[in-house]
Amino acid sequence: MRPGLAGWCFAGPALAVMGVFFAVPVAAAFMLSLTDFDIYAIADPSNLRLVGLRNYFQLLGTALFWKALGNTLYFVVVGVPLSIAVSLATAVLLDSELARFKGAFRTALFAPVVTTVVAVAVVWRNLFHARYGWINHALGAIGIGPIDWLGDPHWSMPAIILFAVWKNFGINMIIFVAALQAIPRELYEAARIEGAGAAQQFRHVTLPLLGPTLLMVAVVTMAGYFQLFAEPYVMTQGGPLQSTVSVLYLMYEDGFKWWSLGLASAVAFALFALMLASTALLLRAARGKVAALGGA
Amino acid sequence: MAGSIVVAAASRIHARWAATALALALCACSRPQDQLTFWAMGRESEVVAELLPEFERTHPGVHVSLQQLPWTGAHAKLLTAFVAGATPDVAQLGNTWIAELAELHALEPLGPRVQHSAAVPPSDYFNGIWDTNLIDGVLCGVPWYVDTRLLFYRTDLLKQAGFDAPPENWTQWRQTLAAIKRRVGPDRYSILLPLNEFEPLTALALQQPEPLLREGGGRGNFESAGFRKALGFYVEMFDRGWAPLVSEAQISNVWDEFGRGYFAYYISGPWNIGEFRRRLPPERSHDWMTAPLPGPDGPGASIAGGSSLVIFAGSRHKAQAWQLIEYLSRPEVQERFRALTGDLPPRRSVWALKALAADPYARAFRQQLERARPAPKVPEWEHIEDELRLVGERAVTGQITVEQAARELDRRVDAILEKRRWMLARRSSESARARRGGPG
Chain A
1 MRPGLAGWCF AGPALAVMGV FFAVPVAAAF MLSLTDFDIY AIADPSNLRL VGLRNYFQLL
61 GTALFWKALG NTLYFVVVGV PLSIAVSLAT AVLLDSELAR FKGAFRTALF APVVTTVVAV
121 AVVWRNLFHA RYGWINHALG AIGIGPIDWL GDPHWSMPAI ILFAVWKNFG INMIIFVAAL
181 QAIPRELYEA ARIEGAGAAQ QFRHVTLPLL GPTLLMVAVV TMAGYFQLFA EPYVMTQGGP
241 LQSTVSVLYL MYEDGFKWWS LGLASAVAFA LFALMLASTA LLLRAARGKV AALGGA
Chain B
297 MAGSIVVAAA SRIHARWAAT ALALALCACS RPQDQLTFWA MGRESEVVAE LLPEFERTHP
357 GVHVSLQQLP WTGAHAKLLT AFVAGATPDV AQLGNTWIAE LAELHALEPL GPRVQHSAAV
417 PPSDYFNGIW DTNLIDGVLC GVPWYVDTRL LFYRTDLLKQ AGFDAPPENW TQWRQTLAAI
477 KRRVGPDRYS ILLPLNEFEP LTALALQQPE PLLREGGGRG NFESAGFRKA LGFYVEMFDR
537 GWAPLVSEAQ ISNVWDEFGR GYFAYYISGP WNIGEFRRRL PPERSHDWMT APLPGPDGPG
597 ASIAGGSSLV IFAGSRHKAQ AWQLIEYLSR PEVQERFRAL TGDLPPRRSV WALKALAADP
657 YARAFRQQLE RARPAPKVPE WEHIEDELRL VGERAVTGQI TVEQAARELD RRVDAILEKR
717 RWMLARRSSE SARARRGGPG
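Quick note, the sequences are listed as chains A and B, same order.
The first sequence begins at 1 in the numbering used here and counts up one residue at a time.
The second sequence begins at 297 in the numbering used here and counts up one residue at a time.
So here's chain B without its partners, still in its complex pose:
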């Protein structure tokens, strides 16, 4: 039985490679010349199917074959497809995966195409979001929709605690957190920061001036004053009883709990605008609002998540693939996509359209997106984020101090980045050799 694990681990890899290679071989002989394969994930993949007929109508001769992937399997599928040489022409890519696929040289640089295109003006995109697609200065994708995190809050609870407006900086935030906790007593809380989520702590860390990694992404920078300040504030919210020590599994239904007033603040993303509208009881429907994330000294930064559209380097229909990206980036198409999914558009001109401009809950997101900051763009970032969450959890449960947590994080992250440091060193010695050899 033990052997079967090993076999499963090994044969799964081989079987997948073989299967994708076979699939490629079969496709290659039956695929018509102008068939464009497009991989999309999750809910977006279902919705984009409704937008494609219009593209095919306006681009005669191009047929888009859409493949829908579940988010959980998408990452492995993209990597195996790359190994087997069976990548699609166009794909939706979570923007934390771009660095990884760029490292594989799997993505087509899009800079020249953007330069010669009137349909994708970089200045119309939120800077932080656009930046997530720039890997070492090379544009590898075009933002499709964006995700950032900010405050959802109960206006009535804040008012009862004596505040008419949401906080704008950490000092005001602390005052409201303490005042709410005083009012609601021991069984209810001021803020929900689920222990299984890394986003709240990451957002607080991104508000600091210091980068999270140093030496070109070769080492962690978590012992910096800024990160220790962010972690200190995060831990303080638990220490003072403002936030409960719970993970999502123990909450079971955040919308019910928000309606019941179990917590007054919740750091979450755009999809929850729709969820709260749908799920809160009618008598609570006017008791909530969104607000930009407070920063140390005024409105602060937050994460720059979301998905981009990319063209794979192995594509043989790059011109048509770019046409599809241009089509999906059109303001009116993005507005339709937003109406269908609730996903927020990355272009300022779409936000100026009536539907979004009139939505009071979206307003805070509009402001927050101007301050969205990309996370370090290294392939290991998702692993580092997970360590951030785990060490953060140990710090808030009082097992280690903030100082120890910062040191431990740097130690773990340096270990994760060992291979990257080796690669960077090799690359720089190679280029030094090339320089020496060049002129002589």
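Next up, chain A with everything else stripped away, as it sits in the complex:
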């Protein structure tokens, strides 16, 4: 048997599975996005119109799409760095030689990750309650007036971000803890001997050696945060004043509430393009950084 053929034989099953479950549905969804498939088309296929790129142009002309895009970017731009910072900070604390009961803390901090979004979102909705919520009680104790977290369009997204960060930081924390443990202790020892303080050690030893892990965490977290859906679905239903409608939430409404599957597919592809572009940008920036370090 020729080696080429053998290779195809080995790769064949996996390729077939990918083709059936990935390539074909994606192609079908793209075709769908070029039609106005809706409830009338279900009634009678002759009601289906091929509309070319009209769904995409219609999206670009819809104020709600831009609003959803803005909300999603807000969530990503604030949420991702915050989430990574919290993960890294807790990981550094857990990794510290001074920390006691590491196992217990690690479990407690990781616990939110394994809870059910819907269940804890209901709990957080009560924590955020404008008049009875504990968060406002605590803020009141230090003299900050009540904030209408889920009712004020300026505070609804920060509230969602707080909840999402709390819910998700644990998984990245565990990854950072593992990466921190892999940094040889001698490097810190050497840095100390050369007179570096804690901040300098973090800046010049910890951060550079965490580089690849940071990049991986950033890419995965960003991809996840772009797909914001469950949090607003449970906590605000996209409100108030559509301040928490995300792109994915918009797609869900168009597709599975109003049954405009053509338009919903177009939303999905727009989001796909956006995520692809952001990830590429992030990788390029990271490569530039590595090159700059190498050059220095």
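Take the hints with a grain of salt, since some may be wrong.
From the derived model, a few chain B residues whose C-beta atoms are all more than 12 Å from chain A [unchecked claim]:
| id | residue |
| --- | --- |
| 1 | K455 |
| 2 | D535 |
| 3 | Q546 |
| 4 | Y558 |
| 5 | R574 |
| 6 | R612 |
| 7 | E689 |
Simulated crosslink set (DSS-like; lysine-lysine; CA at most 25 Å straight-line) [what the hints assert, rightly or not]:
| id | chain 1 | residue 1 | chain 2 | residue 2 |
| --- | --- | --- | --- | --- |
| 8 | B | K373 | B | K715 |
| 9 | B | K614 | A | K289 |
| 10 | A | K102 | A | K167 |
| 11 | A | K257 | B | K614 |
| 12 | B | K373 | B | K614 |
| 13 | A | K289 | A | K67 |
It is worth saying that the hints were derived from the structure and are not from the lab.
Only a predicted model underlies this, so the values are computations on that prediction, with no experimental measurement involved.
Just so you know, even glycine gets a beta-carbon here, dropped at the ideal spot from N, CA and C.
Starting from the structure of chain A, add chain B where the hints point.
Using the frame of chain A, we list chain B on its own:
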């Protein structure tokens, strides 16, 4: 990861179609001849299970297989079942979904059966509710239970403000709203109109003489004088501080807040009779009552919601399916169903029975149901209702004026109805061609 959304969106559709088709294939070979499938939703589906043994006893040879669907998934399931040809024989259908399934030609017209049946006399049903089942003059369902919205109010707060009776028109309503607000101060309100609900604004809009859609449901009619008047009143209630700018998520427990006097009026539906009875503290149990919704110049209309029973066109047991509908429409069965669920019956003769006639809280509903008005019967109506709520929210928060809101609504609704206009135009040109070709 991005791809997975697309795949999920696409493959979910395909997978469901395939799964339902497979399920149909499997059922088709194992189902006995006289097995009747019945899909029901939510709480009603649990309760109706208790009514079915009696039907099977009186109709030997018919076995009803009941499937319980959650409300949230029911709509998608009905559509996928239709696509796969796996629709049930009988189903409960929210009456805003009837137009959509009628558009799909999924429903069996019931007019002839009603004509030959003594068990379902149309004149016994409330007109507005019966009307929701008539799509282009064709009867597509029989009302099962009804839902409308009216005022729940605190009798003691109204009395303290100087009123012995609830308002009957908008002028009186305004007076009581203003008087209550003056008494309760800045931290409490006269009325609760949750921003996540479209029903209060829809009800006020239905009280107006103009229809909400024009050109056979092809365009919005929200710039009409009537709708602007309704929206103006709705916005006024927020502007004057009579209603708080909150949605349900911020209230967390309306029954507690009603008991505490956070608001004195609440526009809600029949299920809350039972909830208020159960949940209000004992010392408040005599301080509330229901009243018909005030209209611009006297008792006004309200929405005609609820569920109907339908037979699917694909059913092979239509005669037995109709027997089940007849059974569930019997006054004594409807009374049992009401006692078990709290759902209100659509037939006047059931309301004449002792249990309902003696309930003081139900009395206002009895009056309101005579004035229930159906919403426009187009498949897009649920989407339009949602836009109504969203634009209404922008108007009450002061982002746009009433005039701008009306214009914006017409613009959005015309965009939603674009496909429908295309279909209507095509249909009329086809029928014109058929007419021209016919005699010649």
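How the hints compare with the structure:
no. : hint              : verdict
1   : K455              : holds, 27 Å
2   : D535              : holds, 17 Å
3   : Q546              : violated, 5 Å
4   : Y558              : violated, 9 Å
5   : R574              : holds, 21 Å
6   : R612              : holds, 21 Å
7   : E689              : violated, 6 Å
8   : B:K373 <-> B:K715 : holds, 23 Å
9   : B:K614 <-> A:K289 : violated, 72 Å
10  : A:K102 <-> A:K167 : holds, 20 Å
11  : A:K257 <-> B:K614 : violated, 30 Å
12  : B:K373 <-> B:K614 : holds, 21 Å
13  : A:K289 <-> A:K67  : violated, 33 Å
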